[in-house]
Amino acid sequence: MLKKTEQLQMNFSQSSSLYNILIPKDNFWRRLNESVDFGFVREDIQKNYSEDMGRPAESPELMLKFLLLKTQRKLSDRDLIDRVRYDMEMKYFLGYQPEDTEFINPSLLSKFRSLRLKDNSLLDLMIRKTVQIALEKGVISDHEAVIMDSTHSNAMYQHVSPREELIHRAKELRKSVYAVDPAMHDRMPAKKESTGLLEDEMEYCRELSQLISEDQRFTNFAGIQESLHYLEEGIEDCDREIEFSRDHDAKVGHKTADTSFFGYKTHIAMTPERVITAAVITTGEKHDGKQLQELTKKTEEAGITIDAIIGDGAYSEKDNIEYTAEKDIKLASKLSECVLHGVRKENGFEFNKDAGMYVCPAGHMAIRKAKQGSVRDSSGNDSRVETYYFDAEKCRHCPLKEGCYKEGSKTKTYSVKIKSDTHIAQMDYMETEEFQELYSHRYKIEAKNAEIKNIYDYGNAKASGITGMTLQGACTLFLTNLKRIDELEREKEANASR
1 MLKKTEQLQM NFSQSSSLYN ILIPKDNFWR RLNESVDFGF VREDIQKNYS
51 EDMGRPAESP ELMLKFLLLK TQRKLSDRDL IDRVRYDMEM KYFLGYQPED
101 TEFINPSLLS KFRSLRLKDN SLLDLMIRKT VQIALEKGVI SDHEAVIMDS
151 THSNAMYQHV SPREELIHRA KELRKSVYAV DPAMHDRMPA KKESTGLLED
201 EMEYCRELSQ LISEDQRFTN FAGIQESLHY LEEGIEDCDR EIEFSRDHDA
251 KVGHKTADTS FFGYKTHIAM TPERVITAAV ITTGEKHDGK QLQELTKKTE
301 EAGITIDAII GDGAYSEKDN IEYTAEKDIK LASKLSECVL HGVRKENGFE
351 FNKDAGMYVC PAGHMAIRKA KQGSVRDSSG NDSRVETYYF DAEKCRHCPL
401 KEGCYKEGSK TKTYSVKIKS DTHIAQMDYM ETEEFQELYS HRYKIEAKNA
451 EIKNIYDYGN AKASGITGMT LQGACTLFLT NLKRIDELER EKEANASR
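Just so we're aligned, residue 1 is where the sequence shown starts under my numbering, counting upward by one.
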């Protein structure tokens with residue numbers, strides 16, 4: 001049962017004035033508290049609470065703040081709550097008093113993620129909120145060019161069995177212990193014979209966990225305690241039969257012709273001021289260009305009128321050119337001869353712009369390509385096609401070969417007609433100064449992708465499934481947007497004071 005808004009009261013104490021001394025006015029978390037009303041999340045998720053059943057739940061505003069802090073720090077739920085006890089910055093942000101020692105049970109965070117955030121609307125809600133704040137503060141305009149691109153995240157358990165994950169976590173715990181007391185080598189529990197059984201590894205990990213947790217010397221070493229709690233969470237996950245080895249939603253995507261990843265893509269639209277206006281999270285094999293229309297729609301719903309879209313060659317598909325022309329939006333996207341022209345959606349082949357190759361419905365990438373035909377054939381028509389060759393050996397054993405691969409054939413090809421005449425207007429536009437000026441901003445989204453990966457570890461999923469990835473994306477993009485808005489506001493204030 002969710003508490004009513006009027007039931008949520010801030011308890012003030014005489015010691016609360018300490019925050020004015022301990023937390024500077026320019027502290028990011030303090031500025032965040034002052035500029036964002038987190039009540040916006042309540043209306044969206046209150047449908048996931050019972051109106052009159054159960055005991056009063058912790059406020060969704062508080063739980064969301066905990067998730068934002070967890071996004072910033074690589075901590076288990078238990079260690080996050082422990083950190084709040086002595087971190088005044090975190091206490092202030094969460095609304096606790098300096099002397100408070102009683103906080104939420106760590107298990108509530110897991111329940112909040114799995115039971116209260118069931119749908120994927122939170123991603124759009126949180127991004128729209130940040131765009132609204134940016135517009136109110138005047139750091140972006142309601143008429144903007146937007147830059148589009150995608151960034152990939154590896155699935156949490158992409159190639160790791162439960163046993164392998166426990167082995168890794170146990171190893172990290174031993175390393176942290178040896179760094180404090182090398183003599184512990186001789187006291188560690190004996191490793192089980194290599195039976196390959198998960199149960200044997202779980203038994204060893206329990207023995208290791210018990211040994212370290214009972215040794216009072218390690219109680220005050222944060223690194224050891226965090227590794228210990230991380231291992232204990234892994235054991236609990238196995239007890240609850242959570243699957244480490246498979247992520248049913250994750251799919252194989254390709255970054256280049258030689259490299260692939262197993263996970264998800266986050267497709268982003270961003271203003272030149274580097275404020276994200278929309279995001280779409282898909283499985284890894286999805287094509288970047290196919291998300292342009294949805295990103296455009298979400299950006300407009302956030303209150304931004306799009307004047308131009310900037311993107312790499314993946315966004316120069318015929319459908320996108322026609323779509324932007326209809327909406328009177330300039331498209332600063334360089335054409336590629338390999339972009340799919342025409343409609344062949346039913347066959348499932350999609351072009352991977354990073355590798356410059358097509359990928360078949362089964363996820364196999366072409367191994368080479370060749371051009372055929374001429375610019376003007378005997379009839380005066382452009383008959384050029386680009387033919388992509390696939391590994392016939394893979395096709396012979398492919399479960400999707402029916403209707404795609406002819407049994408006994410030594411080759412499998414896929415041809416795309418190059419209709420350069422369809423893009424004459426876009427080719428002419430590419431030669432203009434306006435196009436060059438717009439396209440010069442594209443590098444900014446590459447920097448944004450690097451930022452969210454390096455600072456927030458967004459290159460790796462923190463949970464299994466696309467719902468977990470969407471929640472991670474919502475918190476990460478919300479936080480990075482608010483930090484950018486704070487930077488822009490500081491710059492604006494500095495310029496005004498000159």
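Everything labelled a hint here was simulated from the structure, so no lab data went into it. Please note that the accuracy of each hint is not assured.
The calculated DSSO-like cross-link candidates involving lysine-lysine, where the alpha carbons are at most 30 Å apart (straight line), are [said to hold, decoys possible]:
(1) Lys129 <-> Lys327
(2) Lys191 <-> Lys318
(3) Lys453 <-> Lys492
(4) Lys444 <-> Lys417
Pair ranges (Cβ atoms, derived) [claimed, not checked]:
(5) Glu43 <-> Pro98: 28 to 34 Å
(6) Ser440 <-> Ala370: 21 to 27 Å
(7) Ser114 <-> Arg206: 44 to 50 Å
(8) Arg498 <-> Ala425: 42 to 48 Å
(9) Glu172 <-> Glu273: 53 to 59 Å
Please read all numbers here as calculations on a predicted model, not as lab measurements. Note that beta-carbon positions come from the ideal geometry of N, C-alpha and C, so glycine has one too.
Q: Mind listing which of the numbered hints don't hold for this structure, in increasing order?
A: Of the numbered hints, 2, 4, 6, 7 and 9 do not hold.
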